Amino acid sequence: MALKIAIQPDEVIHRNGERQSFSDRWFQLAEEHGLAAVAVDVFSKDVIAQIASCDAFMWRCDPSALPRLYAKRLLYAIEEGLGLPVFPNLKSSWHFEDKIGQYYFLAAAGIPTPATRIFWKREQAERFCETAEYPFVLKLSAGYQASNVRLVRNREEALFYVDQLFTHGVTGLGYRPASRPRQLLRRLRAVATVAKGEHPDAPTEQTELQHGYFLAQEFLPGNDFDVRITIIGDRAFVFRRLNRPNDFRASGSGRIDWDPRQVGEELIRFAFGVAHKLDAQTVAVDILRRGTEPVIVELTLSYASWAVRDCPGHWTLHGDHETGDLKWVDGSKRPEDAIFTDFVTPLLEARQSLGPLTRAAACP
Amino acid sequence: MLLRRLRAAAQTLEGHNPYVPGTDAELHYGYFYAQEFLPGNEFETSVIIVGNRAFAVRRFIQPGDFRTRGSSGRMDWSPAQIGEDVIRLAFRTARKLGAQTVALDILHRDREPVVIELTANYASWVVRECPGHWVLHGDPESGPMEWTDGCTRAADAIFEDFMDELTASGSLRHHGATKELMQG
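As they're listed, the protein sequences go chains A and B. Numbering (the numbering used here) for the first sequence: 1 to 364. Numbering (the numbering used here) for the second sequence: 365 to 548.
Each hint can be trusted.
Taking CB as the label site, the calculated pair distances span:
(1) Glu481(B) / Ile111(A): 35 to 41 Å
(2) Leu367(B) / Gln124(A): 35 to 41 Å
(3) Glu529(B) / Trp120(A): 25 to 31 Å
(4) Met1(A) / Pro427(B): 52 to 58 Å
(5) Pro427(B) / Tyr76(A): 35 to 41 Å
(6) Pro382(B) / Arg351(A): 53 to 59 Å
By construction, these hints were calculated from the structure, which means they are not laboratory data. These numbers come from a predicted model, not from an experiment. Even for Gly, the Cβ is constructed at its ideal location relative to N, Cα and C.
I would like the entire structure built from these sequences, with the hints used as guidance.
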């Protein structure tokens, strides 16, 4: 019987207008390889039974708050409870939109990052703001693209965010300290919302309420771009993201340079090292420079397919990340394809090697 | 309701969000979790697994309620009242989790024991009050279970298992080093 893969359909329309669906491509690839792909509905009541009738499960989940918080739990349940191979597995997905978890992991693994302070007590955060070097970068733990990252320029601004994060919490870093009349206006607007019986800072499907921590990271001047390296198995796809005009953030700028000559071998080995330490099926790493030393700023699971696909080729690693051969492979490759190949190949091999055994057991 | 809203609005005017979760709470939203009501359960059984040990206690529901009051209501530690199927279900769940320790709340659905909830931060005194505990040898389905008399503290059992784990991995490393030395 053909290998049966449960796939949750996904769809994203990017800001450049391009429609992305990992699942569409996976269904197509499954058909080409003579595999059975079954569309499941993770929001149906018998989702476990639907997946249990298959041999494996794939879900390219959106980073929005609600589906993500659900996906992490369901993927773990299927991987450990049901014992089926899943994409993404726990080692690939635990850090999904969790910058706090990422920082502790990278620090514990001895992987260089920008100097980072995470405060869990208001008083400690306030004390930090008194003596901090400005500007520094304030981040929310969850939140994709640049909307949840701010350059904090002075003490007043820093204390404003400490207050927000240690009282009612925020769903984004959109609010800045404002003049008194403006603050009053904001407050009156909140009163009107509350009087209607609604939560003035209610989270939505995309955003979640974040509070009770303060994540500060040193600002690294002189970085006009970051290097985004997407690792899938033993492949590395490389491009540079130039900062937004007059901004220190490159994430989501859409200004991409795919020239592979601009990214040194050192960075590619660095990225492979991180992926190996994670033991992840795939991960995208954002790299900046701290002086001359490369540092990891962030890990991403739900990267956009198009930017990877538009790479003119990719590197493959043969052996360990420090000394193994790096070979350049010309031509565009879709990340959906690379993920699918890596996921399905060992399943097919296991099935082939089991084949004769099963027959032998049936005919003793 | 109107009064409640007005009070909330006044708080907001003062600059406080009345919906703020405290440090011991979080905001719940975006899901709806419904579970069947299981009538006829006068108590739930809490089984606390630490390694291959099982501690058990029955918590009785409150009069006029379908819930127990955690560790502040009526409780009974007598092991004779606890079914073997309940203990085996708890061991089976803990093994599936691969957990060092876990507490399970178990109810009955007719005669079948069902797991209601898993807890990592159970109260230590509930374990210490147990007159003894079961020790499982082998697999949860059929392995023999042995009753051990006497009180054991959860902290002790956890610490003992954890030291064993460290010693086991430490001795493995040591063993590897010795082997290398001998080969060298």
